[in-house]
Structure formats: C-alpha cells, structure tokens
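Engineer: Order-wise, the sequence lines are chains Y and L. One point on numbering: in the numbering used here, the residue at position 4 of the first sequence is 4, and numbering is uninterrupted. One point on numbering: in the numbering used here, the residue at position 29 of the second sequence is 29, and numbering is uninterrupted.
No lab work stands behind these hints: they were computed from the structure. Some hints here could point you the wrong way.
Quick list of the computed label-pair ranges, beta carbon to beta carbon [stated by the list, open to error]:
(1) Glu17(Y) - Arg64(L): 28 to 38 Å
(2) Leu47(Y) - Ser27(L): 13 to 23 Å
(3) Thr2(L) - Phe64(Y): 21 to 31 Å
(4) Glu52(L) - Gln69(Y): 34 to 44 Å
(5) Phe64(Y) - Arg112(L): 25 to 35 Å
(6) Leu84(Y) - Asn18(L): 23 to 33 Å
(7) Gln57(Y) - Asn18(L): 42 to 52 Å
(8) Ser5(L) - Tyr54(Y): 43 to 53 Å
(9) Tyr54(Y) - Leu39(L): 13 to 23 Å
(10) Gly16(L) - Glu17(Y): 27 to 37 Å
(11) Ser30(Y) - Leu55(L): 32 to 42 Å
(12) Gln69(Y) - Arg64(L): 38 to 48 Å
Owing to the predicted nature of the structure, the values given are computational and were not obtained by experimental measurement. Every residue gets a Cβ at the ideal spot worked out from N, C-alpha and C, and that includes glycine.
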Amino acid sequence: AQTVTQSQPEMSVQEAETVTLSCTYDTSESDYYLFWYKQPPSRQMILVIRQEAYKQQNATENRFSVNFQKAAKSFSLKISDSQLGDAAMYFCAYRSSSYSGGGADGLTFGKGTHLIIQP
Amino acid sequence: DTGVSQNPRHKITKRGQNVTFRCDPISEHNRLYWYRQTLGQGPEFLTYFQNEAQLEKSRLLSDRFSAERPKGSFSTLEIQRTEQGDSAMYLCASSPGLAGGQGTQYFGPGTRLTVL
C-alpha cells in the first residue's frame, strides 16, 4: 500500500516571502499522480497543483510550483510571494494510475501541514 | 459548473441512530468518491463509484456503512447504529472518468457528523 508523509505539522512564513512544504511517499508503482490540495479553515478542499509521474518537468501554477524527485520519492510544494489568503492546511496526495496496474482509485493523503502567514 | 454539493452540512445525532448524507457531483463526472476526515488528519478513502457501480471499498467501510449511487447521479452514504467514533467530516469528490485515472478529484464542502 502507498503511504504519504508530511513531516512538517506546521510552517510559518512572512507575507511576500517564499515557503516550501515537504512531502515524501512510498510506492512500488512506476506511474502515478501526485497532488497538493489546500483546505482553508471551515472551507472545502481545493486543488493547488498536480504532477504526473511520467513527466520530468515540474508542474507550476502561478505562484505555486513543485520539486518532483521521482527517484527520491519526494514532492515538495513551493509557494512564492506568500499572501494572507494562502493560510490553510495543505495536503499532499497520491493516486495510482490504472495504466501501471494499480487498482486503487482513491487518493492517499498525508496528515497535512498547517501554513501560517505572518503579516 | 456548480461544483460538488453535499447535504446536510452539519448533522448531530445520538449514538445508535441512523444517518444519511447526500452528495451531488459535478454534472457529467462519472466517478464519485467518499472520504472521511477526522480532526488533525488527512482524508481517508472510503469508497468510489463509476456511474452506478461501486467499484472499490476501503476496509474502513464497516458493515454499518452503505453507499449507493442510483442512476449514476447523486450518491448517498448511510451509517447505521452510529457510534461516537463515527464523528468526523465526510467528504465527497467527483472526477471525470478519464483514461488511466487522469481525472482530478474535486471536493465538496463536506458533512460534519457529531455523534453524542
């Protein structure tokens, strides 16, 4: 079974600064998808960014980018120019690709990192 | 695209009662997922449907839990004889059924269950 580990329960960053959230995962599959989701307080979970394992290029979405290291099974999220609205729980998630024979379609989540933005 | 909706948003019940939650996915999304999230934890996968077929169930889904998706549209999750340990946020997500499982899952706001 796949596991996802987020080793930072909480991170704090000054507004306008850059912060990196860590995520590692364990899998025996060669093809899969990785995601970062954001869950603001009392609000629903929204997708921040996704990465296909077969793509070597790191995904970027405006101020959000990832550092995907497949061999190291590492998938960190970098947030540039942090804004107050970025304050939330951030979850790293893994999903099998059926092309790799993985049968599980549900996401496997880490425990999350609570991101605090200091004004 | 109105997003995934869930009802009710909050449910308080007494131990031993049955509860039912509803999820309406994004229209034309043929995959629908249920997750449970307890305080301080990430969501845990419970089950998923492709159209009306329930294709996968987690071992977390005890016999007291049952999910349905009649006609492949909305879904219901029922918990019978609730226990205090069932207190959690129940999240629903939907995705398009793209080849290889490429579809991104979009989440609803959740139903928060409190069992007294």
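Engineer: Decide, hint by hint, whether the structure agrees.
Structural biologist: How the hints compare with the structure:
no., hint, in the structure
1, Glu17(Y) - Arg64(L): 28 to 38 Å, "violated (48 Å)"
2, Leu47(Y) - Ser27(L): 13 to 23 Å, "holds (18 Å)"
3, Thr2(L) - Phe64(Y): 21 to 31 Å, "holds (25 Å)"
4, Glu52(L) - Gln69(Y): 34 to 44 Å, "holds (40 Å)"
5, Phe64(Y) - Arg112(L): 25 to 35 Å, "holds (28 Å)"
6, Leu84(Y) - Asn18(L): 23 to 33 Å, "violated (42 Å)"
7, Gln57(Y) - Asn18(L): 42 to 52 Å, "holds (50 Å)"
8, Ser5(L) - Tyr54(Y): 43 to 53 Å, "violated (34 Å)"
9, Tyr54(Y) - Leu39(L): 13 to 23 Å, "violated (36 Å)"
10, Gly16(L) - Glu17(Y): 27 to 37 Å, "violated (51 Å)"
11, Ser30(Y) - Leu55(L): 32 to 42 Å, "violated (23 Å)"
12, Gln69(Y) - Arg64(L): 38 to 48 Å, "holds (42 Å)"
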